[in-house]
Amino acid sequence: MKKKILCCAALLLATVLLLGFLQLLLMPKYMADKQEGALIGEYYRETTAHDVLFVGDCEVYECFTPPTLWEEYGVTSYIRGSAQQLPWQSYHLLEEMLKRETPKAVVFNVYALKYGTPQNEAYNRMTLDGMRMSREKLSAIRASMTEGESLLSYLLPLLRFHSRWDELSAEDWQYLLHRDTVSHNGYLMQTGILPKTSDREGVPLADYTLPATAMFYLEQMRLLCEENGVALILIKAPTNNWRYYWYDEWDAQIADYADGHGLSYYNFIGLDGEIGLDWSTDTYDGGAHLNVYGAEKLTSYFGEILCRELGLAGHRDDAEISAVWAEKLDAYKQEKEKGNTP
Amino acid sequence: MSFTSASFLLFAVLTLLLYYTLPKRWQWILLLGASYVFYFFAGAEYLLFILFTTAVTYLCGALLQKRADAEDAFVEENRETLSKAERKEFRAAEKKKRFRLLVAGLLLGFGVLAVVKYTSFVLSGVSSIGQAFGAAPLRIPTLLLPLGISFYTFQSMGYLIDVYRKTARAEKNPLRLALFVSYFPQLIQGPISRFGDLAPQLFSEHRFDGFRFRSGLGSVAWGYFKKLVVADTAMIAVKALVENKDGGFTGIYVFLLILLYSAQIYGDFTGGIDITIGLSEMLGIRLAENFDRPFSSRSTKEYWRRWHITMGTWFTDYVFYPLSVTRSMQRFSKWSREKLGTAVGKRLPVYFATVATWFLTGLWHGAGWNFIVWGLLNCLVILVSQELQPLYDRFNHRFPRLTASRAWGAWQALRTFLLMGLIRSLDCYRNVPTTFRMWWSMLTDWNVGELFCGGLTSFGLALSDWCVLLCGILLLALASHLGKKRPVREWLAERPILLCAALCLLAVVILLFGAYGIGYDASQFIYNQF
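In order, the protein sequences belong to chains A and B. Each residue of the first sequence is one higher than the one before, starting from 1 at the first, in our numbering. Each residue of the second sequence is one higher than the one before, starting from 1 at the first, in our numbering.
There is no bait here: all hints are sound.
Stretch-level coverage of chain B by chain A, calculated; a stretch enters the list once three of its residues show a Cβ under 8 angstroms from a Cβ in chain A:
1) 486 to 500
2) 505 to 512
Pairs of lysine-lysine residues, derived as BS3-like cross-links and limited to a Cα-Cα distance of at most 30 angstroms, are as follows:
3) A:K328 - A:K104
4) A:K4 - B:K485
5) A:K114 - A:K34
6) A:K4 - B:K484
7) B:K24 - A:K2
8) A:K4 - B:K24
Anything over 10 angstroms on all C-beta distances counts as not near chain A; from chain B, calculated:
9) T81
10) E94
11) L123
12) S204
13) A288
14) V325
15) Q330
16) S336
17) L340
Just so you know, the hints here were simulated from the structure itself, not pulled from any lab data. Small disclaimer: the values here were computed from a predicted structure and weren't measured. Yeah, the Cβ is synthetic: ideal placement off N, Cα and C, and Gly gets one too.
Use the sequences and the hints to build the structure in full.
Here you go:
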């Protein structure tokens, strides 16, 4: 009897281990393709604290480069953004980050405030699967699930990705147990150039009111920052594409909110001359996002504002931090030089 | 709460834990509570319907029993004073009164089913006729169809008939009767149990039996395999072939649909029943088997003895036989013998009862002409086979070696399988004319070659899915073959280590190859809709 129980226990253990292995194997690795999916998880590799944390959607991880901020101002920063990162995801990510560190400022890009409901399962996955298990992750999942999604499939991603068995590639085996770092402190470098070609404006909307749910999470972020003694700065990254249009009506609502709560709000749209942006060379996708050249210009411009507003002195005198960042800067420059245009 | 949802698994585990830890006298109360919780999660609004059916069944059953007891007591008390003829007369009069009560109960019970299930169908028919005569179209209401209503109504009405026939005593405790009506593992897709078989098991105390528990667990796991790996994978293709978006899925694709839908419905329905039977077995309750390797049947008649057995026997016992012996049918029989001769006259009443039974069977499956035609076609095949029986017998007699061979048996099974599959495809297409058009296209559109030029992967199934599906079907066939004499799960239950290994393997296979989650349409069991 004892032998039978032991045998069954061994079989069950072997099955659990096998399922664990299959889960590791079948989860998308986001290394060669759709690298945005790898961004959120990379934050946990950070060994030093940051002066500034950026949160938001693709507009933050494409438009600001932490290595430039370090190089020019000695300011340490990290971008916690992912593709179509929704306001509630940004809030819960921020909650998680503020448990680990207390930066001087949190910079939140407001574009995603146009979303008031869960949007897309694939983007949810890219943001949420990268988070470590925590109360914040569970809250973010609950707030983000689209119809047909289940909490269980986030806790056991094998339930979501089980059907990938027939599309496994060498990458899945190569990155079974580890991942490369694809970002530079959350910045996903794009060196390609695809000039903006259309001057088309955004299509008129029936209602320009930003969704109450989104504004609720903005308020939660403000309160969270206030609780932690962190300055919250609102920004709107520059875009020049009708698909990612930022309406004046939306802008006015954010400006009112910022005014009402004593927050700084910087809308970089239309400041091309001051920033030095050239939409024929500084974008890799026709004006939707900046490429590395545009991002460096914007970071340089915004870095000055940050230093002035927050009184940041930089950490160049700190040998330990300098050593860490020298390495980061080196990797950044190497990739930039190499270029990643296909 | 679908059987394939995580919440159902959790619910089942909690129920089992409580079932074997609570005092045994509370087991049936726990099952009643669990059944209502289960049904509540299916839709709180459905509770009203099941409560109504339960109340009607209980009250009618109690009244029928009261009258029957009074009748028996009267006859017993007056056995010496009443002559045999008087007793017979008294009983006949009493039976009439009980019959009226029964009819009232049946009207109320089936009435609810008829209203929720068939109102739209009838109204749309009336509307179409009206429109043909220039009337404005009627507004067809969309009525709520409570989950499993066909199953629990048939089970309840079967109980009433049994009480009327005195083959079962009415249950005195309304809560116990409520459990018989709502017992959750079989609530939504059967099997349709008889009171005499199920009730004693529901209300008796059950000690944990390791063998039965293991056997049940094996059955549940196998059911999930059938449903998630075979049925739901086949469903992807069936859906695409039926939707026929580009209008190109004719000819050979219709033939494929017939095969794939056979795999889907077999995996879906027998899988669901395996889960039901397995879970009941784990609770110490043995339910009636609903399938006996139906695809190995050599004739339509045999097929219907092996497929959805409890429904077949229900219709036989409660529709076909009673209909065959009604006074009007006997009069019709007499008339037809006199007017049409013995040979035809003997057959006509039986055929009439058969047609009526199959018409109702079709209607039970769904409110639509597809289902009615499906029932009548099954009936037609059975009647024609019956008529041709002498011819078959002569053939068998002339070629005894051939007809006794395995190859002949295989041919007969294949023929039955294809014929049943063809008729079954009436479930799939939008309406009867479309179905007939699609059948016709099998003869007119010779597009077999398309299958090998990308056709096989043009309706939702990638090559890898085909591999999973074919391996799954082979495994089903193997298990069916091995379980000819004794179910494989029972054989495994005697070998705990092997069973554990099989369960682990099934778990990995289901989790990996099952068609579930995002990217696959969450699919209910097909028979939940009936």
